[in-house]
Amino acid sequence: MSSKINLQTCEYARKSSIFQDNQLIFDKSDDQLPNYAPTWLPEGFVLDERVALDDWVLCTYHNTTEDGWLSFDYCYASSDMQMQIGGYDEAAPTSEKCFVNGIAADYYPAGNSETNDLIWIDEDQGIVFAINSTVEKEAILHIAESVSLSDSTNP
Numbered sequence: 109m110s111s112k113i114n115l116q117t118c119e120y121a122r123k124s125s126i127f128q129d130n131q132l133i134f135d136k137s138d139d140q141l142p143n144y145a146p147t148w149l150p151e152g153f154v155l156d157e158r159v160a161l162d163d164w165v166l167c168t169y170h171n172t173t174e175d176g177w178l179s180f181d182y183c184y185a186s187s188d189m190q191m192q193i194g195g196y197d198e199a200a201p202t203s204e205k206c207f208v209n210g211i212a213a214d215y216y217p218a219g220n221s222e223t224n225d226l227i228w229i230d231e232d233q234g235i236v237f238a239i240n241s242t243v244e245k246e247a248i249l250h251i252a253e254s255v256s257l258s259d260s261t262n263p
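When you line the sequence shown up against this note's numbering, it's residues 109 to 263, in that order.
Take these hints with a grain of salt, some might be off.
[Claimed, not checked] Label-pair restraints from in silico Cβ distances: (1) Leu-257 to Gly-219: 11 to 21 Å; (2) Lys-245 to Thr-168: 29 to 39 Å; (3) Gln-140 to Glu-244: 26 to 36 Å; (4) Leu-257 to Asn-220: 34 to 44 Å; (5) Asp-259 to Asn-220: 18 to 28 Å; (6) Gln-140 to Thr-173: 33 to 43 Å; (7) Asp-232 to Asp-163: 27 to 37 Å.
[Said to hold, decoys possible] Taking lysine to any residue pairs in the SDA-like style, the calculated list, with each CA pair at most 25 Å apart, reads: (8) Lys-205 to Trp-177; (9) Lys-245 to Glu-157; (10) Lys-245 to Phe-207; (11) Lys-205 to Glu-157; (12) Lys-245 to Ser-179.
Honestly, the hints are just simulated from the structure, not real lab data. Cβ coordinates follow ideal geometry from the N, Cα and C atoms, glycine included.
Using the sequences and the hints given, assemble the complete structure.
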């Protein structure tokens with residue numbers, strides 16, 4: 109079972125500058141998403157699949173040398189969006205505050221789930237990013253900090 113975080117109620121998102129007077133003020137959902145990709149992955153991880161829709165991009169990776177996987181996805185922030193995290197049996201666990209290249213982020217440790225989850229918002233671009241993985245927090249943060257615009261559609 110997965111938990112969903114509604115951007116309207118996410119504590120971090122509510123404190124970000126994309127909201128004003130309890131309303132989402134940044135909504136570029138009609139624009140084409142830029143192409144982002146991590147430039148660093150833990151040893152052994154390779155791209156399985158990249159799915160790019162008009163309003164959402166998902167990249168999945170697996171580890172060729174041991175068990176492990178990760179997903180990296182992003183979309184424009186919109187008032188009706190929800191981010192799915194983990195495989196929690198009940199509500200998502202309390203998040204830990206951290207930073208991705210100086211941007212506040214929410215990290216959700218695995219708890220009773222097999223995945224650790226990280227969500228952050230690039231307020232300048234109005235894009236919500238998420239990484240879900242079996243790897244540890246430090247590796248997830250390293251992946252997140254390596255995310256940059258890519259010229260290729262095959263990161």
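We went through each hint and held it up to the structure:
1. Leu-257 to Gly-219: 11 to 21 Å: violated, 33 Å
2. Lys-245 to Thr-168: 29 to 39 Å: violated, 20 Å
3. Gln-140 to Glu-244: 26 to 36 Å: holds, 34 Å
4. Leu-257 to Asn-220: 34 to 44 Å: Holds, since Leu-257 and Asn-220 (Cβ atoms, about 36 Å apart) stay within the stated range.
5. Asp-259 to Asn-220: 18 to 28 Å: Violated: the Cβ-Cβ distance is about 40 Å, outside 18 to 28 Å.
6. Gln-140 to Thr-173: 33 to 43 Å: Because 36 Å falls inside the window, the suggested range holds.
7. Asp-232 to Asp-163: 27 to 37 Å: Roughly 19 Å apart at Cβ, these two residues miss the hinted range, so it is violated.
8. Lys-205 to Trp-177: holds, 23 Å
9. Lys-245 to Glu-157: holds, 23 Å
10. Lys-245 to Phe-207: holds, 12 Å
11. Lys-205 to Glu-157: The hint is violated at about 30 Å.
12. Lys-245 to Ser-179: With a Cα-Cα distance of about 14 Å, the restraint between Lys-245 and Ser-179 holds, given a limit of 25 Å.
Against the hints set out earlier in the document, violations occur for numbers 1, 2, 5, 7 and 11.
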